[in-house]
Structure formats: structure tokens, C-alpha cells
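Chains as they are written, first to last, in our numbering: chain A, 1 to 183; chain B, 1001 to 1632.
Among the hints, a few may not be true.
For lysine to any residue, the following SDA-like pairs were computed, each having C-alpha atoms within a straight-line distance of at most 20 Å [to be verified]:
1. Lys1543/B <-> Glu14/A
2. Lys1498/B <-> Asn1517/B
3. Lys1548/B <-> Asp1536/B
4. Lys1624/B <-> Arg17/A
5. Lys1621/B <-> Ser111/A
6. Lys112/A <-> Lys1624/B
7. Lys15/A <-> Asp36/A
8. Lys1621/B <-> Asp157/A
9. Lys53/A <-> Phe86/A
10. Lys15/A <-> Lys1548/B
11. Lys1503/B <-> Leu1523/B
12. Lys1624/B <-> Leu160/A
13. Lys15/A <-> Leu1546/B
From chain B, some residues computed to sit far from chain A (all C-beta separations above 12 Å) [as the list claims (entries may be wrong)]:
14. Gln1361
15. Glu1528
16. Leu1571
Per the computed footprint, the stretches of chain A lying under chain B, defined by three or more beta-carbons under 8 Å from a beta-carbon of chain B, are [to be verified]:
17. 9-18
18. 39-48
19. 146-157
I should point out that these hints are in silico values taken from the structure, not numbers from a laboratory.
Ideal Cβ positions, reconstructed from N, Cα and C, are used throughout, including at glycine.
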Amino acid sequence: MKKVLVLFAHPKFEKSRANTILVNYIRNKEGVTFHDLYEEYPDFHIDVSYEKKLLEEHDVIVWHHPMYWYSCPPLLKQWIDMVLEFNWAYGPKGKALTSKICLNAITTGGSKELYCSQGSNSYTITEFLRPFEQTANLCLMNYRQPFTVMGTYRLTDEQLSEYGSQYSSLIDSLQNEKTVLST
Amino acid sequence: MTGSLLFDAIVFLLGAIICVSIAKRLGLSSVLGYLIAGVLIGPYVLGFIGEEGEDILHFAEFGVVVMLFLIGLEIEPKNFWNMRKSIAGMGGLQVAGTMLLSYLFFILIDFDWKVALVISMAVALSSTAIAMQTIDEKGLMETTFGNSAFSILLFQDIIVIFMLGAIPLLSNTEVEAAADSHESTGNLLDGLPMGYQTLAIILSVVLIIGAGQYLIVPMLRRVAKTGVRELLFASALLIVFSISFLMEYVGLSPALGAFLGGVVLSSSEYKHELESNLEPFKNLLLGLFFIAVGASINFVVIAKIPLTIGGILLAIVLIKALILFITGKVFNLKLDQNLLLTFSLAQIGEFAFVLLSFAFQLNILDQEQMDIMLVITALTMSITPIISIINERFILPKIGTKESIKRPMDHIAKSQNVILVGFGHFGSTVGRFLRSHGIEATILDQDSNRVDVLRKMGFEVYYGDATRIDLLEAAGIAKAKILICAIDNPPITQEITKLVKEKYPHVELMIRAQNRNDAYELLNLGFENIYRESLDTSLALAKDVLSKLGFRKYTLIRQVQNFIKYDESSLRRLAMEPKGDDDYLFKVRKELEEQERLLEEDFKRGIVEYDIHWDSESIRKVLKNQQNNAKS
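Chain A on its own, in the form it takes in the complex (with noise of 0.2 Å):
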């Protein structure tokens, strides 16, 4: 079985209806160490040597926050900064990330009808994560479609829940897909 880390960036969590819900669905799965960036860098100083054990140690890599102005909330970004260190994840020695899976797991204010070339945000999701995309390439990581829940403003708590176990089953299945050599 694979083991997960759920990288958590959520500056306020406190007051996340949607995150409460979906991360309660995750959180205590056996496999699956969930790491509330946020709890534990409040001042933004991460320790990069324990984080990057952490990826080492795991096989799937779940970038979990919401989208704030296209992007993630700045420790994530901070922590992208800091950990995927040259030569270690990236660069001609770095080697540490390979054939990992990557992915967002991703919560929206807007619905998914915004995110389009007619809607209000112009750009699908799919587009605005080219960043993160990108950074899982560089890091010859294996990059894999977001979980995305969208519009979460207007979303109730039952539905809330049905993402949750979504976001449960997907987990699962990562956990459980056999390695697939990379080409």
C-alpha cells in the first residue's frame, strides 16, 4: 500500500466550513499522514530537513489548500520554496521526488460554470495550476488531475460530505494502485 502525505496549507482553517468537513473524511485514513502546514510553521520557519524526510518517506504527495487569487496560501508557497531544494528534488543530482504521485487537492469559492474562457475567472483550473504542474515535472514527479471541490460558498454541509468520502475513495484508490514504472 502506498503511503499519502496530505500537505494541509489552510491559513484559517478555524473558519473553513468546506475544509472541516472534507479534511475530517481524511485525516485518520491508515496510510495517510495528514500535515497541517500552517499549525506547524505558524512563523513561517520550516524545517526543511524534517520536511524532507517526510517526502521520502512517502509515495503520493497531496497538495491540499484553496485556491486564494489563483494561487495557494503563501506558507504552501513558502514551503515549495524551501523544501524542494536544487540537487536534491531538482537539478542533475536531484533525484529524491522521482515517480512519486502529485497532486492539488483543491477548494474554490466560485463554481466550476467561472472557471472558463466565458466565465468571470477566464481560465479552467487546469490552467491556473500549471505552476504546481509544472514544479511536480521539474521534480520528475507524477503529476495527476486536482481534486477539486468549486463553489463551495454555495455548497450545503450534506454535499460537503459527499466530496468528503470522494475525497476518501480517491485516497484509496492512489493508496492502492499498483507502481507503475515510469517511461
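Put chain B on the given structure of chain A with help from the hints.
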């Protein structure tokens, strides 16, 4: 004219005011000012006071009792117990050594052995009044020197009881008759066998400890409730008087009893009230005492046999200094601390007046010996402050800065950007962090043991009193960018910062403040960079408490930052407001009022809830309202 009480009072006060303020302006200890005032108004110069000087001396000795009570208040019982080794060890060595040498000396100059023994007892004792007043004035109580001096003086207070007990044994005359004529030892226990006496002494010590806990504190509580200020002062005096009375009654030194009483009350909530009440009273009494000592110097005797007196004086000071120096060496004092000790305790103390006059009444001493010894006692008291000054001005600076001279110049030049005053727990943390960035501050500290450690680590350290501009200049203040004042004594902090601001306005001052009131005063003096030691740490603790109660850490960190910002701005706002008269006594109450006011402001602001960032719920609400409006 000299008979009038008012006239005497005017002479004393005027003499004190003029001489002490001149002494202070010259940078000398106030003790010296008082002594000179005494000499001037005494019978041999201006002649304003005559025979009554001696009565005043006895009365003013009570200042020493009050002083020891105050010292006791500063020492918690646990610390006192920790000091037992240095009290017995240093004190024992000092008293035994001095007695032995001076005994031999007086035998050598053909004194009868009994006389020599009594005199050597008197010589072994130093002046608590002079030494402690000087140590206190310079803020040196917390140094190795301060502790050692205090230990020795305390031991002397204890041993004097045995000396007073031993003197009658040397007498040929009837002890009873003599005891009657001596009021201070005429006590209840004279007739009792030794065992009962010891028992009574132990009982009275227990009584003081018990009364402190179960009688005095409840009494003070009741008195404080009345809100009548002078009653607190009256209670403070009552405590000291009663203890002294009890102690004299069982034949113990009142000073020792007062000290014990102080220790017992040191952990009570009235510690500071008692201190602020008795402090001015003590200072005035001690001042009076020093004046009386000055006035009692008998210049007629000196003029009669100047060489004899000069010789004995010199010998005694040398003997005392030598033994003190050896004691310091045995107990591993650093050279500079040892020199301070050596010179500050080299005088004969006020107990000598008691011992000598007691021996005189018992006919052990004759009139001439008595006169000579009294003159010498007063002279040693006057001379040691002068020697101490010579030591501090000319000898110590040479020792204190010896090592920095050996160092290559570039190193010194590099390190002179920042001066750090005070290297205790606060200053050392500052210094370590600066050093970890390659910034080697020039450090000034009062404790030479600390100084020694720092030197070994390669810090540039100057030993000494940072309120002296010459020391700051030696540390390179003229070229410094920043001076960090990290000491825990607000009055000295103010003194240093004011001095630097006046003489070297280009130096940026970064100042440690103890609390809000301290910060107000510094702000009102026009200082900007003020760091309250009680602010950040307490908030860090509060933050962690809330975190353990389930609050999110990142939110807490932001709120702590908000709180600090708010508190700093309210500090600056409140500092501007007039504080009314700065009544020392009611400072505690003022602080409480201040606290109440802050809490009230917090309450009005409500629970901090203005951090609305990343709050999706508020957006949700707006959208919901829009929806509802659209529907209706």
C-alpha cells in the same frame, strides 16, 4: 545657643546638605560627605556641637538596625540558608585572623594582654553602616564582592554577641555592678545558667519567625485596609523597635534580630511597602550616624600624640586589609573583587564604640586607651572611603582593562560599534545573538567573575560602573553606533541613558525596561527604543496556552503581533498623560490602577475578532443575502 534642639537640627541638616551634595558632585560616596560634615560642625572646627555628639552617636546607631532589617527584606530565607557557608567561612576567617594579628600587634607595643584582647575584638569588626551604604549606593550588592562583604558583616553581627559576653570575664571588678551600669547588656538572662540562656535565645529567634508569619503580616493587612499612610510607617517602626527590644532583652544584637525579622518578612506582600517606608528613615539615621562619627574625632588627643595614633591607625588598617585580602584569596575572589572587599571593610566598625565603652566601664581600659581607640575607630571610618576611592579610580581601572590593551588594535576597532551594558540573563542573550552574527559588542558589567568568563571567551569586557563617563569613554562610546542598556535597575538605566544622550547624542540607545511604569519614564525622557522585558515572553506563554486550548497557532501569532502593536501604541499614548505626583509609597497602587484601566480598554474592544482575512464565511453571508434579495 548649642543647647537648642532646633539649632542643633539646623546645623546637622545644613552640614549634611552642603557636604553631601559637594561630595556627590565630586563623585564621592555620600558617607564621606557626612563624615566631613561631622568634622566641620564638631567641637574642634566650628564647634557647633560638643558633648552631645556622643548621645547622638548612640541614637543614630539605630540606623544600622533599620538598615539590617531592610537588607533582610531583600534576602529570602532560602538564599540566606544558601549563604551559610560563606557567612561562617569568610566571616570566621576574617574575624579570627584579624583578632590574632592585632592581638600580637598590641602585645608588641606593650599593652596588657587583657587590653590587647578587648581592642583586637573591636578591631576585628568592620562597619556595616559604611560598607553597606557604599555597596548599596553603587548597586554592587549582587556582585561576588557585595555578597562576600555582606557575609562577613553578618558573621560579625553574630560574633559580637559572644564578645559582649566574654568581656566581663576579663574584668577584675564586680561583674554585676558593671552590668548594671551598662544599659544595653542589662538583660533578663544574666543570672540564668548557660543552658537556659541558649534556650531563651533560640526561643526568641523562633518567636520572631512565628510573629512574622502570624502576627505581623495580619497586622499589616489590617493597617493597609485603613488606608492611613502614616500608620504603615508607624507599623514598620513598631516592627523594628519590637524586634530590637526583644533581642536586647535576651542579649542578642538588635541588628541581627532586625535582619532575621527582615528575612522572615521578605516573602510577604508588604515587603515593598515596608522598604519604601523605612528607606528614607534609615538613610537619615545613617547620615546622622556618620556625622556623629565625624564629630567624635577627638583632635586634642590626636594633637597630643600624633605619631602614636598615626602608627596604630596605619597598622590596624594594614592588618585588616591584609586579612581581608587573604580571606578573599582563600575564597577565590577575582583580584578586582578582592581589592574592593579589602578596602571597603578595612575600617573599625560602630560595634567598637559599644565594646570599648563596655570594657571601659568594667575598668579593663583606662581613659587614655579608650580615647585613643575611639579616635582611631572614627579615623579608620573616615579613611576607608578615601582609600576605596583611590582603589576605584586608580587601581581597578588598571586591572579591569589590562587584557584589552594586549589585544591587537584592529580587533578593538572592529568591536566598538556596539556597547552592551549589563551581561546578566537579559544582556547575555542579546550578546550571544549579536555574536552569532559576528557582531562583538563591547560589554560593560559589574561582576568580575562574569567578566572573567567573558574574557576567556574572547569578548571585550570592561569591568565597572557604567554610570561613569570615563569608563564609557574607555569602552569607545565616542565611536559607537549603538549602546544597549540591558541592566535590571531602572534608576541606573536612567542615569546611564541620560548621561549618554547628553554627552554623546549621536549614539543610538536601545533600552531594556522592566515594566510599563519604567517605560513611561523612559518615554517621557525622550527615548524611543524601549524594550519591555515583560511583554513578549508573557504573550508567548499566553499564545501557547490558547494553542493548547485548541486555537490555531497561525491565528494566534497574528493576534499576538496585533496585541503588541496595540499595547505599544497605548503605552505611548498613556505616557503622554500626566501621572500626578509621583508618590513613591503609592507606586504599587498606581500600577494597579493602570492595570485596571488597560483591562477596561481591552474589555471595551471586545474579544479580538477584527482579523477577517481568509474568512470564507463572511463572503458566504454576503452571497446568501444577495440571493435572498434577488428572490424577494
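For each hint, the structure was consulted:
no.	hint	verdict
1	Lys1543/B <-> Glu14/A	holds, 16 Å
2	Lys1498/B <-> Asn1517/B	holds, 17 Å
3	Lys1548/B <-> Asp1536/B	holds, 18 Å
4	Lys1624/B <-> Arg17/A	holds, 15 Å
5	Lys1621/B <-> Ser111/A	holds, 16 Å
6	Lys112/A <-> Lys1624/B	holds, 18 Å
7	Lys15/A <-> Asp36/A	holds, 15 Å
8	Lys1621/B <-> Asp157/A	holds, 15 Å
9	Lys53/A <-> Phe86/A	holds, 16 Å
10	Lys15/A <-> Lys1548/B	holds, 18 Å
11	Lys1503/B <-> Leu1523/B	holds, 19 Å
12	Lys1624/B <-> Leu160/A	holds, 17 Å
13	Lys15/A <-> Leu1546/B	holds, 17 Å
14	Gln1361	holds, 75 Å
15	Glu1528	holds, 26 Å
16	Leu1571	holds, 24 Å
17	9-18	holds (count 9)
18	39-48	holds (count 3)
19	146-157	holds (count 3)
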